[in-house]
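Q: The residues making up each chain are set out below.
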Amino acid sequence: MIRRWDLSVDLRAALYVVGTLIKWLSLTFLLPVLYALIVREDLFPYVLPGLIALGGGWLLERATKTEQDIRWREGFLVVALVWLLVAGLGALPFVLWGALSPLDAYFESMSGFTTTGATVIAHVEELPRSLLLWRAFTQWLGGMGIIVLAVAILSKLGVGGTQLMDAEAPGPTLERLTPRIRETARLLWGVYVGLTGLNILLLMGSGLSWFDATAHAFTTISTGGFSTRDAGFTALPPLAQGVTMLFMIIGGLNFALIYRALLRRQSAALLHETETRFYLGLLLGATLVLWVHLGLGWENLRHSAFQAISIMTTTGYASTDFDRWAPLGKMVLLLLMFLGGCSGSTAGSIKVIRTWLVLRFIGRETQRVIHPRVVRPIRVSGRVISEETVRAVAVFSIFYITIFALGSLILLMDVARRGFDLSILEAASAVAATLGNVGPGFGMVGPMSTYADLPTVSKALLIFLMWVGRLEIFPVIVLFARGYWKG
Amino acid sequence: MRVIVIGAGEVGWSTAQALQADHDVVLIEKNPERFESLQHLDVLALCGNGASLKTLKEAGAETAEIAIACTDIDEVNIVACAAAKQLGTKLTIARVQDAEYLQTWKRGYLGVDEMVCSELITAQAIARLMGLREIRASEEFADGKILMTETIIEENAPIVGLKLKDAAIPPQCNVASILRQGQVIIPRGEDILQPNDRLVLIGTPVAVGEFNRRLSLHPVAQEILIVGGGRIGFRLAQLLQPQGVHPKIIEINEERSRWLAENLPQSIVFHGDGTDLDFLEQEGLGKAEIAASVMGIDEKNLLCGLLLKRLGVAKVIARVEDPDFVTIFERVGIDIAVHPRRLIADEIISFTRGRVEKALFLEENRAEVLEIEVSPKSPLLGVKLAQAQLPAGLLVGAIVRGERVIIPRGSDALRPKDRVILFSTPEAAREIERLL
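As you go down the protein sequences, you meet chains A and B in turn.
Under the working numbering, the first residue of the first sequence is numbered 1, with each subsequent residue one higher.
Under the working numbering, the first residue of the second sequence is numbered 488, with each subsequent residue one higher.
There's no promise every hint is true.
Unchecked claim - Facing chain B, according to a computed beta carbon distance under 8 Å, are these residues of chain A, among others: (1) 277; (2) 376; (3) 377; (4) 380.
Keep in mind the hints are simulated off the structure, nothing from the lab.
This one's a predicted model, so the numbers in the text were calculated from it and none came from an experiment.
No residue lacks a Cβ here, since even glycine has one placed at the ideal position from N, Cα and C.
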């Protein structure tokens, strides 16, 4: 145990790791550079940010060189900072192409890395191809996590890697596949890359060009939601929609369990897991409700399933303009935005395991009103969940809802100040869709429109919400607690 | 022969007391204060650490037949046995409290020849008493091939008023005796069964179980309450699980109650005090059919047992550690007092007996049940039991021949190597050595 009084933040050690991470993440610009070379587009918008990342990272690393390993406390700071900076670097190509203003570019980039999929670009088909690829690629990087990627690649992060990965990982617990965190990170990325490859092949098989297939695979498995088409998935063939449904579901599963099922032949670990079953059950239930609501028929079944999957896994694709659905359909989708996928998946939002635990918690506490002295631990798949974890999950869920409520309020205040007319549903959906990393909401921010028209403060607020949502609140919020810095 | 007993606690004391008449007993005790009380025993008492070679050599472990380690610390007992074995003691017996060590140990490993686990033996003893309300004692013989029960006949039982020969007793079950108002009656076919008679049944577990169910007015108890979730309480709940019975458990320690709830997913665990009347009433725990109070403090077990009895529990079993309390418990209203140290001492003593494998006393020593191997020199070999002219208070309850169980009739005869389960009065018991 670390004693309380020596827990002040070691800023130097934290910045040193930030420098290292940024330096190495500059390599991610190689992909758009290579692609731009092939299609003979301008290299400059990717080379410059790459060099800035490389040089800036290197300078930061030099300036803060230290032998100190980061501890738990620095982990939050590193992760939060790296995500902010990476989104900034990722925004540069949009600015350098002259496509977007700096704030819009930052919005687009944060939406990319956090796999939100909320866009400010109305006509994506007008963008250069290399920029479209970069836009999809940011989601792919953010899906499994840039920190996980760095831990997998950089041996130097071995020790502090656990703290970093834990701060970034979705869900209440990080499942270790191997004793060494680096091996775990590699295996997870390996599965991720493999599934992405398969997704690309299947999309090409269903009639997409290899460019469209790759870009969509990048944003499907990562449950991101950016498309290379203005009309999104309404423009793509039903077979591609089917493939995409499958991979969105996979993206919402726990990758550690996928690994065990595929490569260690422990399919029971995946299929008998309460979370997996609850997740699939919720998807099925939502699909059925939507289907009955829309009216039975094959076409409607496809749209119900696609929309239920797309919104619950926080992808945000649209196979139809669901903004035109009746209130019940919209309400179902709005609620699905709060569910998310499984822990250890690429999905955002609260995650179904937390929902499950909260439901069990409610059940248990109801029992306790009747039998105050009964001791009943909460179990998931037979494993006992510690009261500590249950409490943390309950607090997270309350916190999440609180941020949602406050965020909606602030958003409405800002748009009112600017004389915008935004309905409650529009505001609530915008906040839920960004905080949950879903993407599109309803009305003005619906699937067929964009976030471009929102006022500046609102955009900044939504950027903040995407950041907070992706890192699951606490790594960011602790930075605003005085105790964090003072120790 | 020389027997070394390590640890002069309740178990060691009882063991030494039981063995002192027939063997040279050396008793090793570490605590000088307890050492004083050993002067009443006819044993050689040594003060020292029973796990040290020096003390063991002093006690003559090189030439000893048996070393019994029964201090209160499991690890010390295992080490003491290993050390004694090393020195040349033929048979080593370790008493452990934690049943985990039974898993760690395999027969003969660690220098321990036999391991007896107090919590397990106690839990097993209580679990055997759990099934039917009418069962007042229950014991296994011949590695579980034979079951003996003492069963009370309630007022309205269908069997009341019948002659024994008309009671449709299963062939694999023997009524060894009727205990009536402190009298031990060796039954005949003409005896008429009366309310509050207690029948001592000996036979195969299936037949005895079947007959008991027929005697009983109530179905096998499902509503079972365990007060005290210590090791014994936990083991007891575990033993009941395979029978589909999931007891409610009351545990006073919050952390422990959580642990129990985690490890007994099917049971309902309450965090509370078993002597808190309000709590017992509010949770309706008096509705239990059978309750076992197995907390660590005798007085609390007594109090809790009496409260539960008052709340309407049909049968209450209480654990008692102080030997002086055993009879008091049963006098004031506890149905059965279970005395773990006595159980463990009996178990240990059974290893030291030559031919007598196991002995059990009923009705405050007015009768005993013995398991014994027939001597090759027995005058009864080959003689039909009907013609054997056994003493009046002696009855052959069952014969175990290899794997086979025989409930003897007059035409059966004993063979060498048979093991017999005898029911005997103390007078008749004196004849056993000569006859078998």
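Q: Under the criterion of a CB-CB separation shorter than 8 Å, is residue 380 of chain A in contact with chain B as hinted?
A: The hint is violated - residue 380 of chain A has no Cβ within 8 Å of chain B, the shortest such distance being about 12 Å.
Q: Can the hint on residue 376 of chain A be confirmed by a CB-to-CB distance to chain B that is less than 8 Å?
A: At about 6 Å, which falls below the 8 Å cut-off, the nearest Cβ of chain B leaves the hint on residue 376 of chain A intact, so it holds.
Q: A closest beta-carbon separation below 8 Å is what the hint needs, so does residue 377 of chain A meet it against chain B?
A: Holds, because the Cβ-Cβ distance from residue 377 of chain A to chain B comes to roughly 5 Å (cut-off 8 Å).
Q: Would the hint on residue 277 of chain A be counted as holding, given a Cβ-Cβ threshold of 8 Å to chain B?
A: At about 18 Å, which exceeds the 8 Å cut-off, the nearest Cβ of chain B leaves the hint on residue 277 of chain A violated.
Comparing the model with each numbered hint stated earlier shows that hints 1, 4 do not hold.
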